[in-house]
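**Student:** Here the protein sequences come in this chain order: G, B, S and W.
Quick note: the first sequence uses UniProt numbering, first residue 1, plus one each step.
Quick note: the second sequence uses UniProt numbering, first residue 1, plus one each step.
Quick note: the third sequence uses UniProt numbering, first residue 1, plus one each step.
Quick note: the fourth sequence uses UniProt numbering, first residue 1, plus one each step.
Any given hint could be a false lead.
What the hints assert, rightly or not - Residues from chain B that keep clear of chain S, each with C-beta distances beyond 12 Å, as calculated:
#: 1; residue: N6
#: 2; residue: A9
#: 3; residue: E90
#: 4; residue: G112
#: 5; residue: A131
#: 6; residue: Q176
#: 7; residue: D285
As the list claims (entries may be wrong) - Just the calculated beta-carbon pair ranges, DEER-fashion:
#: 8; chain 1: G; residue 1: R134; chain 2: B; residue 2: Q216; range: 47 to 53 Å
#: 9; chain 1: G; residue 1: L31; chain 2: B; residue 2: Q136; range: 50 to 56 Å
#: 10; chain 1: S; residue 1: P190; chain 2: B; residue 2: D184; range: 54 to 60 Å
#: 11; chain 1: G; residue 1: R261; chain 2: B; residue 2: T322; range: 50 to 56 Å
#: 12; chain 1: G; residue 1: S38; chain 2: S; residue 2: A243; range: 39 to 45 Å
Please keep in mind that the hints were generated in silico from the structure rather than gathered at the bench.
We treat Cβ as the ideally placed atom computed from N, Cα and C, and that holds for glycine.
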Amino acid sequence: MTERTNSGAVARYRMMRRIRTFEERVGELFLKGESAGSMLHLSIGEEGVVGLTDLMRAGDTFTTHHRGHGVFLGRGADPARMMAEIAGKETGYCRGKGGSMHIADRALGHLGANAIVGGGIPHVVGAGITARNRRQDHVSVAFFGDGAMSQGILYESMNMAALWHLPVLFCCINNQYGMGTRVDRSAGRVAFAERARAFGLAGETVDGADVESVYQAAHTLMASARSGQPGFLEISAFRFFGHARMDKSPYRTPEEEAEGRLRDPVARARATLDAEDQVSPADLDRIDAEAATEMDAALASAIAAPAPGMQTMFEDVYAPGTPAPFAQADRLRAILYEAAP
Amino acid sequence: MTERTNSGAVARYRMMRRIRTFEERVGELFLKGESAGSMLHLSIGEEGVVGLTDLMRAGDTFTTHHRGHGVFLGRGADPARMMAEIAGKETGYCRGKGGSMHIADRALGHLGANAIVGGGIPHVVGAGITARNRRQDHVSVAFFGDGAMSQGILYESMNMAALWHLPVLFCCINNQYGMGTRVDRSAGRVAFAERARAFGLAGETVDGADVESVYQAAHTLMASARSGQPGFLEISAFRFFGHARMDKSPYRTPEEEAEGRLRDPVARARATLDAEDQVSPADLDRIDAEAATEMDAALASAIAAPAPGMQTMFEDVYAPGTPAPFAQADRLRAILYEAAP
Amino acid sequence: MTQTTYREALRQALIDGMQADSDIILLGEEVGLYGGAYGVTKGLIDMFGAHRVMDAPISEPAIIGAAIGAAMTGLRPVAELMYVDFIGMAMDQLANQAAKSRYMFGGQIGVPMVLRTQGGTGRSAAAQHSQSLEAWMLHVPGLRLVMPASVSDAYHLLRQALEQPDPVVFIEHKGLYTLKGDITAEPEAPWGAPLVRRAGDDLTIVTWSRMVHEALAAAAALADVGITAEVIDLRCLNPLDDAMIFASVARTGRAMIVTEAVVTGSVASDIAARIGERCFDWLEEPVLRIGGEDIPIPVSPALERGSIPSAGLIADAARWLVRREAPQWA
Amino acid sequence: MTQTTYREALRQALIDGMQADSDIILLGEEVGLYGGAYGVTKGLIDMFGAHRVMDAPISEPAIIGAAIGAAMTGLRPVAELMYVDFIGMAMDQLANQAAKSRYMFGGQIGVPMVLRTQGGTGRSAAAQHSQSLEAWMLHVPGLRLVMPASVSDAYHLLRQALEQPDPVVFIEHKGLYTLKGDITAEPEAPWGAPLVRRAGDDLTIVTWSRMVHEALAAAAALADVGITAEVIDLRCLNPLDDAMIFASVARTGRAMIVTEAVVTGSVASDIAARIGERCFDWLEEPVLRIGGEDIPIPVSPALERGSIPSAGLIADAARWLVRREAPQWA
Ligand SMILES: Cc1ncc(C[n+]2csc(CCOP(=O)(O)OP(=O)(O)O)c2C)c(N)n1
Ligand SMILES: Cc1ncc(C[n+]2csc(CCOP(=O)(O)OP(=O)(O)O)c2C)c(N)n1
Ligand SMILES: [Mg+2]
Ligand SMILES: [Mg+2]
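Bound-form chain G, shown alone:
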């Protein structure tokens, strides 16, 4: 790869390809019967979010929704530990307790994926308070879907961020659907950024199929958030596949799907790099191949990883060193042997 190329754009392409390939392997994990359950939500079609994650810095924090694999990879996650978590294994990010919908990593600023639509949004307000009170230069970003636009807690959170001038960004990944409901069937008016502006935020909508546009829009909003003017960024995308692994999307037509899948951020970035940035197809192929090798390894290591030991179930309910839950076996034993109390 020559020095003339836009190294940022290439890095973003590489990240998007890694996300795409990772998600494909998650699908395989499920088909192999090795995933913990079927509640696996692939972010294929939403890789344009890399335009934002790429701008986040060490110290910045974030929360995600249930479709958060891509965001977390974008922030530097180790795909093997992610895959292990999705398989419910001891070596996963959360020791096999969280799974796909609850991956987190404090070290990388990931305050947690959430299975409650909108559930993680207010946490960034709190992270913003911490940054403000400690005079840290950190932004906290909430990632969520269009479905969360119907959750009241979003508006409560946006209002607080605006009222207190917090370094916070709300990022709605609008993939046009919440399960089987297209946005025009869940929103009385679909101009989401307008809602944010009415609450006093800087609000923008951007085409998520073009990662470089996302990057530009996010650049402005992240800078203003960092200086205390919170923002809202709607990344318009298309959910390529069903809601979760069992969903075959019968509520939308093949035509709509085919058209939606034309909005492919990975393909588009590749084409642009090829045509405009003169990255050679061979270089791009190499990137793709590296991603495949990496994700194959992640998949294999997750499958090979050990399940958590039964006793771990009682750990992490409370902090170490504080009273732990009274296990049922111990309670029954206490009753059974009727030691005088």
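Let chain G serve as the given structure and place chains B, S and W with the ligands on it in line with the hints.
**Tutor:** Coordinates of chains B, S and W with the ligands only, in the frame set by chain G:
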């Protein structure tokens, strides 16, 4: 009173005076130690809401917040039954179970006052669904304070109303304060009607000190709501007294209070009727005197009314004819006498 | 009388109810085009139209709130909460509004609505999609609370719920949708009455929802070693005519309450306390609670399973209660 | 050692805590300029500034959610919920987020926050402002739950709550703010340990929060007729070292649990169930639950009072338990 006068405006003045006088008597009830508790929220300063209640029809329904006496009187409430309820008496609207914050009257369309900020708002969405499904020509109106602008459920409700084209109106009585917090300390951006418009509602703000302006604005919004375009009306007002009976408002200056109290809808209406509609001071005095007589009687009858019988406490938890709560005395009796089960 | 599934029984109850009463509407996320997250409302939007089968935005508080308003004004809404785990954001509408309106308003305004939802473990759905939260609802006067364990109850209790004058929380179990069984012509028992699913003399096992099936499996295993366990399915947790439970325990002298929920603060604790009060003189052994561990539900399938009572655990505990045979793990 | 009030003790705990730990912030409705609905935070905004004493919009879910995020990132927030009755709209943030984060995330992310709130009857505040909802919280693994009854506990338990690594729900009682007493130099008992408020041999009364005072009044009256009741104040409902309760009941042979909450599904049921399990062989009489009636709280002062246990009722029940003297009403 001559035929030349604007009979609607006179009726609205009369209603506003009745509300004002009623609220003054509620204050006396408290001072006499005859109210059920001190959670009494006077709507003095907010009588301009009569410009909206006057436009509501039989069959229309509504919910109110904790400061709802005025709204309910505006819809035809019997002040004696209201006062009895505020005193926690058997003859009150709710048999002494609800009190000031939970007055309701199904017959007059009052689906209930609510002590949860925002709690009654979604109920009008449901009433709107009923009207739509039954093809009834009814509008349902939610009355709430500026404080409820911070409750997520308001936005969820507005979105639903817009999405489903329901005959619903959201009426925010902005009295500038939620307890000790002025709106600019609770809202990141104070243009409330703009928020409603961003959700697809028809949204307006009007000066509540001028009941006739309220009437005009409400006229348009009620008509459009009735035809399936839901609306939002912010009535700007000033809370003349403390939040509840114990609050002396130390968080605002006497100057601010004095200035706010200049925005007196009752005084303003009286002055207008006098100056522009040529209603004589004597006629206006007579209206005021009638209100005083009526509310004195309501106060006296509430004080004289009987407290509810102890056994009534178990009634109305569930519908008559269905299993009632197991009273503690009965449970203890069952244990005590140890009849073989 | 047809062999069908729990899912189909529920669907049929909705269809029959909606055909009988045009005021019934369904309101919830994905109840229309998608047919319900677990398929219970499949096809109903085509049968009854979008004004009666309403796909709602992801707004749990407002969904329940809208159902309340519809109920107050004459409809009979069935609000669907996709997972009982989501009630945390709508508990105000359920407990402070739906449950208390009749009372606060002195009997004037009832809220005849059904909140359909589902709970429980079994799908590796992790901590926020696997809970059993009926204890929260049992503690709220003004609510009714129903949890069917059988196909026939799925049908009949839902039909009956649709006729109640007060709000009913109807909690299905995600692990039972594919259960097969008959819909009996008449309800297996009256509304509010528990049902003896298996008769026995040595101990009484009180349970509900999916744990009925674990208890029955345990009872079958116990029969092999000569212990006869009576298995009582509560069906309705409120109203609950508990006299039959007391009579059974008075006869057997031994009681065990089995719940899938976290045991501390559970409905099992409440039933145990009632038995302790009312059956004291007849008890031979302590009233045992067997429940979920006091932990959030882990995603790992092995840990999830291990945190919830099984037929084996129930049988072990029963052998101790009846024969003082200590289980291996004890 | 100063004679002070429950309100002042709480305020002093916040002040001392905030002076000792600059990461502590207060976040809630009216905690700043207004000084708290019940005056607990009066003047604190002047002492610590608006960045540490934050007046929040009326957004309970987001208040608790923001506190969670602040706790996750290093602060130690005290979120205030003006009335425990409002938890219904924020139970998701409390139970699904605050309580479960450490677990779901495999121990990586703790949520060291305190949720300060108050509950109970006594002010004719009606059904939505008078509840005792601790049972909901007891049923949530991951939460700690504290309900001080004394002035000294108000101080010390709040100080200790401010040092816990996990979320603590701290429920005050609206009827206790004017209670007078001493703040002892050391806590009256360790965190998690119940406290014998009055020793006795004839029966054990287990209770917490305001009902401790009714129980003590009952115990005093009982002493006049020669019955000595041991009154145990739970203080911490979670963690709860219940061994002392079992020891007391094993000694007295009689137990009564008193709660202000609706009795069905209450914490009283849970404590009764535990005693039934662990003290079976030592019990002379059934474990009695004395609680609030299973109704919403009515606004009428007479009805409100009548729906809640009183010292008289407790004493009546105790006389029956100990002496089989049936009360007049029975
Ligand atoms: C509070 C809540 N309600 C409902 C659900 C069930 N649910 C899970 S994902 C989903 C759709 C979410 O749509 P969106 O926010 O657009 O995210 P996407 O799946 O499209 O990424 C729903 C309804 C949930 N998990 N949480
Ligand atoms: C959900 C909820 N949060 C907080 C309160 C406590 N509270 C009662 S009234 C009030 C202020 C409400 O302000 P607003 O909505 O403007 O009504 P106003 O009192 O000004 O009429 C507050 C915070 C409540 N009752 N319900
Ligand atoms: Mg979506
Ligand atoms: Mg106000």
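**Student:** Are the hints correct? Go through all of them and say.
**Tutor:** Here's how the hints hold up against the structure:
{"no.": "1", "hint": "N6", "verdict": "holds (34 Å)"}
{"no.": "2", "hint": "A9", "verdict": "holds (32 Å)"}
{"no.": "3", "hint": "E90", "verdict": "violated (9 Å)"}
{"no.": "4", "hint": "G112", "verdict": "violated (6 Å)"}
{"no.": "5", "hint": "A131", "verdict": "violated (8 Å)"}
{"no.": "6", "hint": "Q176", "verdict": "holds (26 Å)"}
{"no.": "7", "hint": "D285", "verdict": "holds (37 Å)"}
{"no.": "8", "hint": "R134(G) with Q216(B): 47 to 53 Å", "verdict": "holds (52 Å)"}
{"no.": "9", "hint": "L31(G) with Q136(B): 50 to 56 Å", "verdict": "holds (53 Å)"}
{"no.": "10", "hint": "P190(S) with D184(B): 54 to 60 Å", "verdict": "holds (59 Å)"}
{"no.": "11", "hint": "R261(G) with T322(B): 50 to 56 Å", "verdict": "holds (55 Å)"}
{"no.": "12", "hint": "S38(G) with A243(S): 39 to 45 Å", "verdict": "holds (43 Å)"}
Violated hints for the displayed structure, listed by number in ascending order: 3, 4 and 5.
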